[in-house]
Amino acid sequence: MKNELLHIFRNTPFGRETLMQSVYFAKQTAVSLRVYIPAFRQFLMYFENEVVTVDLDRAFLRDPTTAREHAEAVIREGGLEPHFLEPKGFTASTLPDLPVEYAFMCCPRSISDLSTKIGLGHIGPRVRNIIRNASFPILMATPVHKEWRSVTVFFGGSKNAVKALRTGLTVSRTAGCPLFLFTEAGRRPKSHYEKIIEDRGLSGQVQELVTGWLFFEKGEFRNHLYDVPHDSLAVVGAYGHSAIREAAFGSKMETIQTVLPNPMLIVGPRCSPAPGLP
Amino acid sequence: MRTLFQNANDRFQLVLMGAVVGVGGGLAAVLLNRSLEELAEFFQPFWNRGYAFLLPALGAVLSTLCLTYLLKDVGGHGVPDVIYSVTRRGGLLRFRSSFSRLIACCLTIASGGSAGPEGPVVISGGSIGSNIASFFRLRDRQRVLLVGGGAAAAIASIFNAPVAGIAFSLEAILGEWTPTNLITIAVASAVGTEVSRLLQGNQIPFEGRIVGIGNLDVLACLGLVLFTSVGSVCFVRLLRGVRRVSGARIPWSWIRAGCGGLLVGLIGMVLPDVLGEGYGTIHRAIEGQYPPGLLIVGLLAAAKIVSTCLTIGTGGMGGIFAPCLVVGSFVGLFYGRILGVLFPTVHWAGEGYFALLGMAGVLSSVLQAPMTGIFLITEITGSYQVLVSVVLVSVMSVTLSHVFEPFSVYHQDLAEQGDLLRPRTDRRLLSELDIFELLETGCPRLHPEMRLREFVDIVREWGSRLFPVEDAKTGEYLGAVRADDVRSYLFNTHLYDTILVEQLIDSNTPAVSPDDALDEVMDIFEARHVSSLPVVHDRRFLGVISKTTILDRYRKELIVQEEI
Numbered sequence: 001m002k003n004e005l006l007h008i009f010r011n012t013p014f015g016r017e018t019l020m021q022s023v024y025f026a027k028q029t030a031v032s033l034r035v036y037i038p039a040f041r042q043f044l045m046y047f048e049n050e051v052v053t054v055d056l057d058r059a060f061l062r063d064p065t066t067a068r069e070h071a072e073a074v075i076r077e078g079g080l081e082p083h084f085l086e087p088k089g090f091t092a093s094t095l096p097d098l099p100v101e102y103a104f105m106c107c108p109r110s111i112s113d114l115s116t117k118i119g120l121g122h123i124g125p126r127v128r129n130i131i132r133n134a135s136f137p138i139l140m141a142t143p144v145h146k147e148w149r150s151v152t153v154f155f156g157g158s159k160n161a162v163k164a165l166r167t168g169l170t171v172s173r174t175a176g177c178p179l180f181l182f183t184e185a186g187r188r189p190k191s192h193y194e195k196i197i198e199d200r201g202l203s204g205q206v207q208e209l210v211t212g213w214l215f216f217e218k219g220e221f222r223n224h225l226y227d228v229p230h231d232s233l234a235v236v237g238a239y240g241h242s243a244i245r246e247a248a249f250g251s252k253m254e255t256i257q258t259v260l261p262n263p264m265l266i267v268g269p270r271c272s273p274a275p276g277l278p
Numbered sequence: 279m280r281t282l283f284q285n286a287n288d289r290f291q292l293v294l295m296g297a298v299v300g301v302g303g304g305l306a307a308v309l310l311n312r313s314l315e316e317l318a319e320f321f322q323p324f325w326n327r328g329y330a331f332l333l334p335a336l337g338a339v340l341s342t343l344c345l346t347y348l349l350k351d352v353g354g355h356g357v358p359d360v361i362y363s364v365t366r367r368g369g370l371l372r373f374r375s376s377f378s379r380l381i382a383c384c385l386t387i388a389s390g391g392s393a394g395p396e397g398p399v400v401i402s403g404g405s406i407g408s409n410i411a412s413f414f415r416l417r418d419r420q421r422v423l424l425v426g427g428g429a430a431a432a433i434a435s436i437f438n439a440p441v442a443g444i445a446f447s448l449e450a451i452l453g454e455w456t457p458t459n460l461i462t463i464a465v466a467s468a469v470g471t472e473v474s475r476l477l478q479g480n481q482i483p484f485e486g487r488i489v490g491i492g493n494l495d496v497l498a499c500l501g502l503v504l505f506t507s508v509g510s511v512c513f514v515r516l517l518r519g520v521r522r523v524s525g526a527r528i529p530w531s532w533i534r535a536g537c538g539g540l541l542v543g544l545i546g547m548v549l550p551d552v553l554g555e556g557y558g559t560i561h562r563a564i565e566g567q568y569p570p571g572l573l574i575v576g577l578l579a580a581a582k583i584v585s586t587c588l589t590i591g592t593g594g595m596g597g598i599f600a601p602c603l604v605v606g607s608f609v610g611l612f613y614g615r616i617l618g619v620l621f622p623t624v625h626w627a628g629e630g631y632f633a634l635l636g637m638a639g640v641l642s643s644v645l646q647a648p649m650t651g652i653f654l655i656t657e658i659t660g661s662y663q664v665l666v667s668v669v670l671v672s673v674m675s676v677t678l679s680h681v682f683e684p685f686s687v688y689h690q691d692l693a694e695q696g697d698l699l700r701p702r703t704d705r706r707l708l709s710e711l712d713i714f715e716l717l718e719t720g721c722p723r724l725h726p727e728m729r730l731r732e733f734v735d736i737v738r739e740w741g742s743r744l745f746p747v748e749d750a751k752t753g754e755y756l757g758a759v760r761a762d763d764v765r766s767y768l769f770n771t772h773l774y775d776t777i778l779v780e781q782l783i784d785s786n787t788p789a790v791s792p793d794d795a796l797d798e799v800m801d802i803f804e805a806r807h808v809s810s811l812p813v814v815h816d817r818r819f820l821g822v823i824s825k826t827t828i829l830d831r832y833r834k835e836l837i838v839q840e841e842i
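From first to last, the protein sequence lines stand for chains A and B. Going by my numbering, the first sequence opens with residue 1, and the numbers climb by one from there. Going by my numbering, the second sequence opens with residue 279, and the numbers climb by one from there.
By construction, these hints were calculated from the structure, which means they are not laboratory data. Note that this is a predicted model, so its numbers are computed, not measured. Fair warning: there could be bad hints in the mix.
Claimed, not checked - Dumping the calculated EDC-like pairs for lysine to aspartate or glutamate here, alpha-carbon to alpha-carbon at most 20 Å:
#1 B:K834 with B:D418
#2 B:K350 with A:E81
#3 A:K88 with B:D712
#4 A:K159 with A:D199
#5 A:K88 with B:E754
#6 A:K252 with B:D691
#7 B:K350 with A:E69
#8 A:K88 with B:E710
#9 A:K27 with B:E754
#10 A:K159 with B:D762
#11 A:K88 with B:D797
#12 B:K350 with A:E208
#13 A:K195 with A:E208
#14 A:K88 with B:E780
#15 A:K88 with B:D763
#16 B:K350 with A:D97
#17 A:K146 with B:D712
#18 B:K751 with A:E81
#19 A:K252 with A:E220
#20 A:K88 with B:D762
#21 A:K27 with B:D797
#22 A:K88 with B:D794
#23 B:K825 with B:D762
Please construct the entire structure, taking both the sequences and the accompanying hints into account.
Set out below in structure tokens:
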């Protein structure tokens, strides 16, 4: 796995904000930034068990003559060296295959330039598909760049939540920022969650890095989200349950992304246990 | 269900999945056949109008717009996509490909475009196989087999020719005949054929009555080889040329396809037999009931080649199976009539005989797949008495055309891109390995300021032969020190405190990137006569890759592939 964050550049003001978030994230986590400037409307990502087609909207192909220049300027301004991705494989002459061996990938909530789709509460189908299949966490950028100063891991005790916790611990350590845990406990005591952490051999790291545990036994989940620091990177496990269960009971990740305007790092069901951080 | 299935025996899984994929591939072919009939009927009244020559253009434009903007699929006529997926992507195909090309192909062919339904139905069957494999989380090798099974079922179903389906899949798609491949693909092909028979009846598509084949007829078929080879080479080259020229001149896909369609429509106004998939023409040719004279038949062969290249080469959706059969039948008729003119006293087996052999010759040469040609022609015509002649024409046409065009129409683009990796070849085996899997990451890193004494200690402790040197502050890779290159210094203790690592760095040591293909890495090993190379990415040292590790993994991969 390459120690890189993959960013698909969109040569628009909205795309600039997204790129600025990628630059900031790459700097904080000490990974390289690899930018792909699309030359075609589609690209493919061949994951282990599925091929995901990403259909880009026109905004991604806007003004190709200035795209590279704009991207370079934003990256250099952020203090990083620009690296661009030139696809090697092509399924068809106008259908490039993008590598999938990355540490992270940055996606806006929707691969669409429609302002109605950019806001909270909407994750586009292509982004969902990437989250479900990617072996790396997805950085879901916000419409406007804002630096995050802490990391909040949503920890519900599931297998995916443990992966999210591992990711959050690594990001927090590398970025040198405080880590918060957020747990909507329900009827389970705190010891239940502590035991899961201990069983996974993470208690040492949790004790070392976690500065606060937002633990809620009562009340409504949506209301508790107000307690998440406004300048925190939310690390969330997603799609860990079966499709039927998620359809029946809903998904926590969906609620979080609907309510929380923070940048999110989403750890999908196929993510490697530990991301390729230094 | 998925868990129950995953616990079953590997071969049983594949047989079961082969049957499921066979049903899918068969249904896709039947659906396409029916849709083509319905749509052709819809277009029928418009063929008598003055603007009829615009119909192929209209169909091509609609087909391209529909494929690009509505179905959001990109790609050619299908089969190369399937081969690419099998050779490079573990058989992964998009779900949308299971229906997108069928819809686009219907519009192209029913409106008069010169193409066949087989290419799109192959990708449709392959995609069904691929997605079923993904659903059951099968391994890459199993997925590849199901893609092959889907393709076989589609061909078997559309032509009611199970053995041709098997041959096509093994020869053109998978590129190898092994017992495991055969089991899955045979099951899929048989099931696909049965689905077609159940829904459309068991009919031989182009039944021919060829009788009285004498020794002279068999001998004469050798001359036909020359015509079929020339025809197929022209076909393949023209198709490539039209694709390149139109792609370079007209950037908008729908305008390009429309221009191609317009030219086809104009040709069709003069020679209407070039339009559509041409099954009716094949019928008449095989039955020896094709009235136009020698020159017209020759012209038709050329016109069919041109119109097919214009249809497919400009982006119209369709396959080349049916056009090959039509071109082949014209070439065969042309040759048969020349023989009739040159040797009027000889009683030849009939024009149908040569038309049939022409079909076998052109199809086999264009596809570079003789077994497919042989089985398809014998099955779709039910003429097993011509088997010997068909074998001769197919094999010799392939041999002769191979001299001028070493790759089939499906393989040429892949070969040019370096993506044609046939099974059990060196490049294919290496392509299955990943640099990250072979990386040795534990080797110690040197800094330029280190003294030789420290380096000697490291050499003593580590058995490595290559030591990367990094900038102590930035961690940037600066070069490498090879133990072999500095051997003379290692035994000179006087130099231990006077020489720095900085002086020993060989900055010319080639470094490889994790993106490099392993066959390229092996070429560097050969060219530079070294046994290990540093892997560097973004000016950071990632590890060492050694020839021994590659060869060790290569052997293991070979064993795995032989077991399958």
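- request: Check each numbered hint from earlier against the structure, then list the numbers of those it violates in ascending order.
  value: Hints 2, 5, 6, 7, 10, 12, 14, 15, 17, 20 and 21 contradicted; others consistent.
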